[in-house]
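Asker: Next come the chains, spelled out residue by residue.
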Amino acid sequence: MSSYLELTARQRIPAMFDAGSFEEFLPPSARVASPHLAELDSPVSFDDGVVVGRGLLGGHTVFGAAQEGAFMGGAVGEVHGAKLAGMLRRAIDERAHAVLLLLESGGVRLHEANAGLIAVSEVMRAMLDVRAAGIPVVAVVGGANGCFGGMGIAARCANTVIMSEEGRLAMSGPEVIETANGVEEFDSRDRALVWRTTGGKHRYLMGDCQLLVADDTAAFRAAALDAIADLVQGEVGLTLEGLLAEQDMLARRLQDADGASEPMELWRRLGVSDPAGVPMLEADAFLALAARHRAGLQPAASGTGER
Amino acid sequence: METLQFRFGQGSRPLAGNAQLVGVVGSGNLEVLIEAVPLDGACEIEVHTAAVGFGATWGAVMEDFHARWSLADARISINDNGATPAVVSLRLDQAVESLISPAAPSTGGTP
Numbered sequence: 000m001s002s003y004l005e006l007t008a009r010q011r012i013p014a015m016f017d018a019g020s021f022e023e024f025l026p027p028s029a030r031v032a033s034p035h036l037a038e039l040d041s042p043v044s045f046d047d048g049v050v051v052g053r054g055l056l057g058g059h060t061v062f063g064a065a066q067e068g069a070f071m072g073g074a075v076g077e078v079h080g081a082k083l084a085g086m087l088r089r090a091i092d093e094r095a096h097a098v099l100l101l102l103e104s105g106g107v108r109l110h111e112a113n114a115g116l117i118a119v120s121e122v123m124r125a126m127l128d129v130r131a132a133g134i135p136v137v138a139v140v141g142g143a144n145g146c147f148g149g150m151g152i153a154a155r156c157a158n159t160v161i162m163s164e165e166g167r168l169a170m171s172g173p174e175v176i177e178t179a180n181g182v183e184e185f186d187s188r189d190r191a192l193v194w195r196t197t198g199g200k201h202r203y204l205m206g207d208c209q210l211l212v213a214d215d216t217a218a219f220r221a222a223a224l225d226a227i228a229d230l231v232q233g234e235v236g237l238t239l240e241g242l243l244a245e246q247d248m249l250a251r252r253l254q255d256a257d258g259a260s261e262p263m264e265l266w267r268r269l270g271v272s273d274p275a276g277v278p279m280l281e282a283d284a285f286l287a288l289a290a291r292h293r294a295g296l297q298p299a300a301s302g303t304g305e306r
Numbered sequence: 000m001e002t003l004q005f006r007f008g009q010g011s012r013p014l015a016g017n018a019q020l021v022g023v024v025g026s027g028n029l030e031v032l033i034e035a036v037p038l039d040g041a042c043e044i045e046v047h048t049a050a051v052g053f054g055a056t057w058g059a060v061m062e063d064f065h066a067r068w069s070l071a072d073a074r075i076s077i078n079d080n081g082a083t084p085a086v087v088s089l090r091l092d093q094a095v096e097s098l099i100s101p102a103a104p105s106t107g108g109t110p
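Protein sequence lines, in the order shown, are assigned to chains B and C. When the letters of the first sequence are read in order and numbered with numbering that gives the first Met the number 0, they come out as residues 0 to 306. When the letters of the second sequence are read in order and numbered with numbering that gives the first Met the number 0, they come out as residues 0 to 110.
In case anyone wonders, no lab produced these hints; they're calculated from the structure. Any given hint could be a false lead.
[Claimed, not checked] From the derived model, a few chain B residues whose C-beta atoms are all more than 10 Å from chain C: (1) GLY58; (2) ILE91; (3) ILE152; (4) GLU174; (5) ALA179; (6) ALA221; (7) GLU240.
[Stated by the list, open to error] Some chain C residues well away from chain B (every beta-carbon gap over 10 Å; in silico): (8) GLN9; (9) GLY10; (10) ARG12; (11) ALA55; (12) ALA59; (13) ARG67; (14) ASP72.
[What the hints assert, rightly or not] Label-pair restraints from in silico Cβ distances: (15) B:ASP225 to C:GLY8: 53 to 63 Å; (16) C:ALA15 to B:GLU281: 43 to 53 Å; (17) B:LEU237 to C:GLY54: 50 to 60 Å; (18) C:VAL86 to B:ARG188: 24 to 34 Å; (19) B:GLN246 to C:THR56: 54 to 64 Å; (20) C:THR2 to B:ALA191: 37 to 47 Å; (21) C:GLY27 to B:ARG252: 34 to 44 Å; (22) C:SER26 to B:GLY85: 23 to 33 Å.
By construction, the Cβ of each residue, glycine as well, lies at the ideal position given by its N, Cα and C atoms.
Take these sequences, add in the hints, and give me the full structure.
Answerer: What follows is the structure in structure tokens.
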């Protein structure tokens, strides 16, 4: 076992792609840093917190990116977002086999305000364009900072989301909810609650992530290879039928969650007999349990992104 | 932010290979970009640091670094977010080692 969580973005790229195959676009030596941070007298990074490029995965040309959570929480500024969007558009031009996004981000970099917001929306649009071009998009969420805000939405624009238990995926982060709605609504210091609400196991049980693995680089790589091999067999673009099915699923979820204030209650409603024991399960034991109780196990409609 | 520049002439150890980046601009951390560039045998270092007023400390750390490695034709660029002198020294050594021994496992990737 070799932890994925502990790695930097630059260490994750060679761990996920075939050895020595990755070619970076706009590398640090190009020094394309954020003009906004410099203006605010804040430290910049030579890669603006993201590695983008093209490599081989299982011998196929796969475009990819890795966000650096330790630089400003992986937040997306104008340059960071433009690098992601540019890589995605080039993946279409060069007919990539797939796109692999190693996400770790608190969302929009607030320092860059509208430029960051627009950048995230461009990333989402580009992801959907990649899918519309018949190229599968796989997102990996397994970093210490999780994947929140606009990038949480972007992750769900992928065909497949791969997570570890330690990974977190949501819209508003714990501190944001507590600040906006009070500690009675959400105690951001209650780590068990934070992970029950946003962590990989909850996302997997609810059907927001399609593959759950242990925090191990080899397991993440194997899952990415499997996901891409599966996706290239079918339709990866959005379809009206798929969107309607997704809408039905969300309406059902809202109904099923009525009156519940705690994820364990949702797990119980899914039929899990000992919800309090779920957080303690190792990945394999959890997957065996989840196989009987995951939400939305009805046959996947083609093109929904659900598998 | 403060920008500091250092230049050490007549180095004895040239670098070989592609530019490398080590470290991350996280709190108490820094990134070091190291490149082999013809500089008439010199080693040039540019530091952008969030901690203003520590020029003398940076100078001492760089003198020590030059005494250890005596790099020639090397450009080192640093983005710092408040790293301690010990962390700076370790990152500088890591950066040099990433270019001097390409066989060793890279922690910096290939920029």
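Asker: Is the nearest Cβ of chain C still more than 10 Å from the Cβ of B:GLU174?
Answerer: 16 Å, holds
Asker: So B:GLY58 supposedly isn't at the interface. Is its beta-carbon more than 10 Å from every beta-carbon in chain C?
Answerer: 20 Å, holds
Asker: Can the suggested window of 43 to 53 Å be confirmed for the beta-carbon pair C:ALA15 and B:GLU281?
Answerer: 46 Å, holds
Asker: Beyond 10 Å from chain B, beta-carbon-wise, is C:GLY10?
Answerer: 20 Å, holds
Asker: Is it the case that C:ALA59 keeps its Cβ farther than 10 Å from each residue Cβ in chain B?
Answerer: It holds; C:ALA59 is separated from chain B by about 22 Å at its closest Cβ, greater than 10 Å.
Asker: In terms of Cβ atoms, is chain C entirely out of 10 Å range of B:ILE91?
Answerer: 25 Å, holds
Asker: Regarding the assertion that B:ALA221 does not contact chain C, is the least Cβ-Cβ distance greater than 10 Å?
Answerer: 21 Å, holds
Asker: Verify this label for me: C:ASP72 is non-interface relative to chain B, using a Cβ-Cβ cutoff of 10 Å.
Answerer: Holds: least Cβ distance 15 Å, greater than 10 Å.
Asker: Check the following: the C-beta atoms of B:ASP225 and C:GLY8 are separated by a distance inside 53 to 63 Å.
Answerer: 56 Å, holds
Asker: Minimum Cβ separation between C:ARG67 and chain B greater than 10 Å?
Answerer: 23 Å, holds
Asker: In this structure, is the beta-carbon distance linking C:GLY27 and B:ARG252 contained in 34 to 44 Å?
Answerer: Holds: the Cβ-Cβ distance is about 41 Å, inside 34 to 44 Å.
Asker: Per the stated criterion, does the least C-beta distance between C:ALA55 and chain B lie above 10 Å, as a non-interface residue requires?
Answerer: 21 Å, holds
The structure is consistent with each of the numbered hints, conforming to all of them.
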